[in-house]
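*Asks:* Given next are the chains, with one letter for each unit.
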Amino acid sequence: MGTLEENPKGTADYCTACTSCITTCPVTAATSKFRGPKLVGPAQSRMNFAEPDAEASLEYCSNCKNCDISCPSGVAVSTLNMLQRGEYYRSHTHPLRDHILAHGEQMIKMARKLPFGSFFANLGADIGRKTGMLKKIGIASKRPMPKYANKSFLQQFRAIKQKSYSDKVVFFPGCYINENDPDVGMAFVKVMQQNQYEVIVDEKFVCCGSPLVVTGYLDEAEANARTNTELIRKWTKQGYPILTCCTSCSLMLKQEYAELFDFPDLHENAKFVYDACEFLLDLHDKNRFNQDFQHEGGSYIYHAPCHLRVQGIGLPALELLSLIPNIAVENADAGCCGISGNYGFKEDKYEISMQVGQELFQRIKEASVDTVISDCGTCRMQIEHGSGVKAIHPIEVLGEAYHI
Amino acid sequence: MIKSDVIVIGAGFAGLMAAAVSAKRGKKVTLITYGSGTFPLNSGLIDIMAMPINETICATPIDGIEALPEAHPYKKIGTDIVANAVGFFKELCEQENYPYSGSIDKHQWVVTALGTMKPTCLVPKTMLGDICLKQEELILIGFNRLKDHYINIMEENLQQSLGKNKIYTSIMVDADIDAGRDLSALDIARWLNTEQGYECCLKQLRGVVKANSVVILPQVLGIKPDYAIWDKMKKDLQCEILETTGLPPAANGLRLRSMLLSYLKKHNVTMVENAKVIGSTVENQKCLAITTQNAARERKYQADHFILATGGFYGGGLQMETFPIIKEPIFNIPVQFTGQDEAWANEKLFSSQKQPFAEVGVLTDDKLHPLDGAGNCFLNNVFVVGRNLSGYDFCFEQSGNGVALVSAYQAAMSF
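Top line first, the protein sequences correspond to chains H and S. Be aware that the first sequence starts at 16, since it is given in this note's numbering, and climbs by one per residue. Be aware that the second sequence starts at 824, since it is given in this note's numbering, and climbs by one per residue.
Okay, chain H solo, but in the shape it has when bound (with noise of 0.2 angstroms):
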C-alpha cells in the first residue's frame, strides 16, 4: 500500500522485484494466463517509455489488493494496475459487457422510475441469462444476478422515525446496500440508535466509483469521486462521521481516491471516513458501546473481504461479535472468496473466480454452520453462490443480538 502522502505512481520505483506479490496474488494461482501483479503494475508502468500499450495480461488483475497486503516496500500495486488499465481504455473501446458491469448504478435507477421498475428489471436480468443473452454479450451465465429489492434502503429510510441524539453520523449506502440488500442499511441505523448516535443519510451521494475504477471509466470515476467528495466535505466540517457497511465503499473514499485522484480534500476527508464495525469498535475503546445483547445463540463461520484487510484495521467485526455473548464465530481465514466486485460476474473470469474461492467454500462447507458472515457484498453473493450457505453482514448480527 502507499501511504496517502504517496504519489501511486512513484510507489513503483519501490519494487525490489521480490516475488512475494506473485505469490499471494489468488488471480496468478488459479490461471497461468495472468503474468502476475509484479510484473504488469510495477514492471509494466516504468516501461511504458519503451513499450505505450499496456501488458496483454492486464485484463486479468482483478483489484484484490492482496498483492498490496503482501508488499513489503509499499508498492500501490493494484492501483498502478487500475492507472494503466484506464490508460489503455483511452484509447481503445471498452466493450458494452463492461459498460453494463461498470454502470449498474444509472440503470438501477431509471428502472426504479417506471412502476414496478425493480421488478422487471429482475426479470429481465433473468430471462436474459436464461435465454443467454447475457452470456452472448460476455455476462458469465452461470451466476444469478443480484437481485434488486423491491424498496431501496433510501425508500425505506425516509419512513423511519429515529430518536434525534445529539451524536450524529453520516451513512454511505452505496449501491449494494441501496439496491439489492437494504436489510444491511435497515439493520445498521437500527445499531446506531442503540449506540445513542443518528443516522443522517445524504440522498446525493453516487456510486463510490469503484466498479467504474475497476473496469478502466477513470473519468467517469473521478466525476463521481468529485461529487462525493464535496458532499462528504460539507459533513466533515461539521464534525460528523461518515460510515459505510461496505468494505470496497470505504475502501474507495478512504483511500482509492486519493490514490488515483488529484484535487483537494481527499486526505482530510478520509480521515472521517469509517468501516461501521470499526467506528463501533472504537466506540467499545471509549467505553461507550452499549452491550445490552439478548442473542438467542448460534455457531457462525466469519469470511473477512481482501478490502476489508488492506484497510489496515484489522478484523473489528470479529471482535465486536466476540463481545456477543452465547455465539461462536470462527475466521474462515480463508483467503479470497474470488468474486473482486464485477470480476467474477465476467463470463471469460468466471472460472478462475470460482477457482479462486474454492478454499473458503470448501472450508465453509467443512464447517457445518448455517450462516456465514460477511461485510461485503459481493463477497456474500459469492459465497451464497459458491459453497449454498446463506451469508449475512456482521451489522445484521448485531442487530438481532439488540433484540430490536
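Rather than coming from a laboratory, the hints here were simulated on the basis of the structure. Wrong hints could be hidden among the right ones.
[To be verified] Here are some, though not all, of the chain H residues that point toward chain S, as calculated from beta-carbon distances under 8 angstroms:
hint: 1; residue: Val288
hint: 2; residue: Val325
hint: 3; residue: Gly327
Here the structure is a predicted model, which is why all the values come from computation and not from measurement. Each residue gets a CB set at the ideal place from its N, CA and C atoms; glycine is no exception.
Following the hints, position chain S against chain H.
*Replies:* Just chain S now, with coordinates in the frame of chain H:
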C-alpha cells in the same frame, strides 16, 4: 482494541517466531504486519552458523557460534538459549506435522539450484542432501518452460562436489499447464498439488527412474507444509526424492510461512495486516503504545511489551537517506556506523570478509533491550529481534533465519 500483553511488529520469520513463542507462553499477542516477509526468497531453511570468521566452514554450528566475536547476537544470548530456541522450533514443526531435521551439533547439507552443496542447520525432510552421498545414481529433473532451474549446470557442479563416479541422468518433464506465462517452481508445485498434475508427472518419471536412485527436483513438492506428495512419490517410484534450494518464489519458504501462520491461529494471535507502524508513545523509559498509519488515519495500539521485528534496510526497519545517518523509525533507537565511507562495503562481491554494512543494526543487551549511544538500556519493555540487530552478516556467515529464530525466542522469553 483490547490492550495486548505483547505487540509484535513485523511478520517476517523473526516476527512470526516471536509471536509463536509469546503465544505459547499464554500471552495475548497482537501481530502487526506490513508486507509478508522474505519467505519467498529463502527456501525456508534455518541456517544457524557455517562461517563464523572467514570462508572456512566451522566443524559444527555450535563450534561456529563459540568462535564468534563477542558483539555477535548469539554470543550475547548464549548457547543454551540457542539450543532451546532450536528445540522450540522443532517441537512447533512436529505439532504442525511438518517436522524439520537437524541439530546444532552437525551441519546438514542441501543441494542448491546450481548443484553446489550448502551447509545449513534445520531442514525439511524433502531437502536433506546427505542422501546423495549414499546412493549411486542421481536423476536430475527439469521442467519445460520453468525458468531459473538449469539441470545441465547443476549436473556439472554436482559432479565436482560429489564425484564423477556416480551415475547422472537428466529428465525433462512437461507440465500440462495451460499456455501463458513462463512457469516458476511455485507454479509447478501448485500443479503437483493437484491429482491430475501429480499423475501427469508420475507418468513421465515411471519407467525412466530406477529404484533406489535419488530423484532431484526443484522445490515443487506441493505448497502446503506437509510431506504428503514427497511420501507418495517416494512410494510410487521406490526411490529417494530430494528438493534443491531455488530462486524466488521458493515454495518451501511459503510452506514455512503457512505452518507458522497456522500455529499462530491455533494460539489465538490477533493479526492486523497492512498497518505500517510509524511511531511510539514512550514515558519514563516505557513504551505505552505504538502508532500505525492505516488507509485513512493513525491509530494507537497499547501493550505491556513490544517486540520490534521490522527487518534491516531491505525491510524498512532501518533507513538511511544520507550517509551515515541511519534511522530506526519507530522508537528512534540510535544506530551508528562508526567507520568512514570507504569502510562501508568490501567492493568485492564475493569478499572473504563480512560486509560492514551488513553488520549495521541496533545494539542490545543480552535480553535484547535496545541500548542508547552510551550503552544504556532506555526502553525497558521493548525488545529487538532479527535483522534489526547489529553484529552479524547473515549472508556471509550463513546464519539466515537462525539469528532471527534465536533472538525472537530470547525476546519472547524475557518478560
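*Asks:* List in ascending order the numbers of the hints, as given earlier, that are violated by the structure.
*Replies:* none
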